[in-house]
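Engineer: Please model the entire structure based on the sequences and the hints provided.
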Amino acid sequence: MKLKFDVKKIIVFLTFIVFFLVDTRFFYLVDLPSAFSGEAQNKTLLAVTAIVIFVIYLFFVKNGKISLGNFGLFIASIMFIILLSAIWSLIYFRYPLRQVLWPLVQFFPLLLYFPFKSVLSKKMYYDLFLKLAEIFYSILAVLFLIQVITYNGISSLFLKIDDMILTKYIYDYSSLRIYSVFEGTTRILMLMVAYAIIKKGIRNSIFDIISFLLMLAAVVVVDQSRYYLITTIISVVVLYILESGYKITGVQLVSSLILVAVGLHFLLRSTTSIFYSFIDNTGSSYARIGAIVYYLKLITFRHPLLGLGLSLPIEGTDIYYYIKGPQGIYNFSDIGIFGVFAELGILGLLWYVILCCKLVFISIKKTQKNPLVIAIVINFLLSLPIMSFIDRPRIVALMLMFVVIETQVGKNEKTINC
1 MKLKFDVKKI
11 IVFLTFIVFF
21 LVDTRFFYLV
31 DLPSAFSGEA
41 QNKTLLAVTA
51 IVIFVIYLFF
61 VKNGKISLGN
71 FGLFIASIMF
81 IILLSAIWSL
91 IYFRYPLRQV
101 LWPLVQFFPL
111 LLYFPFKSVL
121 SKKMYYDLFL
131 KLAEIFYSIL
141 AVLFLIQVIT
151 YNGISSLFLK
161 IDDMILTKYI
171 YDYSSLRIYS
181 VFEGTTRILM
191 LMVAYAIIKK
201 GIRNSIFDII
211 SFLLMLAAVV
221 VVDQSRYYLI
231 TTIISVVVLY
241 ILESGYKITG
251 VQLVSSLILV
261 AVGLHFLLRS
271 TTSIFYSFID
281 NTGSSYARIG
291 AIVYYLKLIT
301 FRHPLLGLGL
311 SLPIEGTDIY
321 YYIKGPQGIY
331 NFSDIGIFGV
341 FAELGILGLL
351 WYVILCCKLV
361 FISIKKTQKN
371 PLVIAIVINF
381 LLSLPIMSFI
391 DRPRIVALML
401 MFVVIETQVG
411 KNEKTINC
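Last residue of the sequence shown: 418 in the working numbering, with the numbers rising by one and none dropped.
Don't take every hint at face value.
Stated by the list, open to error - Here are the simulated lysine-lysine pairs, DSS-like style, with alpha carbons at most 30 angstroms apart: (1) Lys9 x Lys199; (2) Lys358 x Lys199; (3) Lys122 x Lys65.
What the hints assert, rightly or not - Label-pair ranges, simulated between beta-carbon atoms: (4) Tyr173 x Ile346: 44 to 52 angstroms; (5) Pro326 x Ser77: 31 to 39 angstroms; (6) Ser77 x Ile234: 27 to 35 angstroms; (7) Ser77 x Leu381: 18 to 26 angstroms; (8) Phe13 x Thr317: 43 to 51 angstroms.
Worth flagging that the hints you see were computed from the coordinates, not collected in a lab.
Quick caveat, the model's predicted, so the values are computed rather than measured.
For every residue, glycine included, the Cβ atom is placed at its ideal position computed from N, Cα and C.
Structural biologist: Have a look at this one:
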C-alpha cells in the first residue's frame, strides 16, 4: 500500500510551524543570540524568517509575479516612507548606520502578507492556521501565566526573559508585568477565535473557548494593559452582535452582559483601576498629554515632513532628551496616531489616515457587513488614541489584520512583475 503525500500541504504546514515557533520565540525556553533576543518587541528573527519565506514564495511559487491585494501598496509605501526616514535620520542626527538599520528591519514581517493572503484564502489552510495558532499561543499563555504567578525575583525565572524584566521588578516581586509578548499575533488571533466560537456554538468550541480564555488571561495578568483589554472586549461584543444578525435573544443578551461584566471584573481587579491608569503621572495621562503637546510643536515647526525617525539615541545624550522630551519619559508608542506623526511626520500621518479610510470603506462597502472584518477594523480604530499598529510590538498584528481582511473580502488580482 502506497502512502500519498500532498507536498503542498506539508510545505504549508511546516511554514506555519516555523512562523509560530519564531513568533513565539520558541516559547522563550531557548537561549537565542543577542541579536534575536532581548525585549519582546525585537522582531529581528521573525524579520529574517519573513524575508526567506517571501523570497521563496515570490521566485519559486509565483515566478516573480506578485498579487498586491488590497494592502500591497500600503506595505510598499510604508516601507518607502520608513526608508526615507532612515536616510533622513542618518544625515540629520548622524546616527551610526546600525542604529538606523535595526528599526527598519523590524518592519520586514509585513512581507508575510503576500504569501499568507494567498494561502489563507483557502478555508482548509485558514482553519489549519487558526488551530495551530491556538495551540501555540495557548501554550505560550500558560507558560507566562505560570511565570508571573510564581515570580519571586530573577532567580525564579524559568523562561529566558531576563532582559525583559524592568529594574523595579528585581526587588519588588508583586504584580510582575511583561510587555509586548501578547501584543502582536494575539491581538488579532483572539478576534479570530471569538468569531469561530460564535459561528460554531459553545458546544462545538470547547478547545476554542479554553484557548480564548487563556489568551485573555495573559492580557490581564501578563500584559496588564487595560486599554488593550477594553478594545478587545468591545470588539468581541460587536462581533457577537453582528454575527447574530442584530437580533439579540434573551440568552444572547445575558451572555453579552456576562462577558462585559467578567471583562470589567478582571479590569478592575488587575493591579489598579482604569481611573488610576489614566491619572498616574509616571506613565499615563501626564506623560501622554505632555508627549502629544511636545511632539506636535516639535514636529510641526522643525521636522514636519519625516518626523524624528524610528531610531532612539543613547540614553543621557542631548539628542536622547530632544527626542524623548525634557524628562526623557515620552514614548511614540504611548500616543497612537500622534506617535506616528512624531516618528514619520506628515508622510507617515497621511499613510495612517488613508489606511483608516480604506479599512472603513472595506468594512462598509466590500464585505457585506462581515462581522470579523468589522470587529478587526473597530479594534484598529479604537487603538488610535494611544496605540499604533506600526509600532514594533504590533507590526505582526498589522500584517495579520491585512491577511484576515483579505481572506474575507476576496481577491484583488492586480499583479506586478519583480
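Engineer: Now look at each hint and say whether the structure bears it out.
Structural biologist: A quick look at each hint next to the structure:
For a cut-off of 30 angstroms, the pair hint linking Lys9 to Lys199 stands: about 26 angstroms separates their Cα positions. Distance hint between Lys358 and Lys199 is fulfilled; the C-alpha atoms sit about 27 angstroms from each other, no more than 30 angstroms. In summary, the hint linking Lys122 to Lys65 is supported, as the alpha carbons are separated by about 20 angstroms, within the 30 angstroms threshold. A hinted range of 44 to 52 angstroms for the beta carbons of Tyr173 and Ile346 is consistent with their spacing of about 46 angstroms.
Judged by the Cβ atoms, the range 31 to 39 angstroms given for Pro326 and Ser77 holds: they are separated by roughly 34 angstroms. Between Ser77 and Ile234 the beta carbon distance is about 30 angstroms. The supplied range of 27 to 35 angstroms therefore holds. Distance hint check for Ser77 and Leu381: the Cβ-Cβ separation is about 20 angstroms, which falls inside the suggested range of 18 to 26 angstroms. Look at Phe13 against Thr317: about 48 angstroms separates their beta carbons, and that is inside 43 to 51 angstroms.
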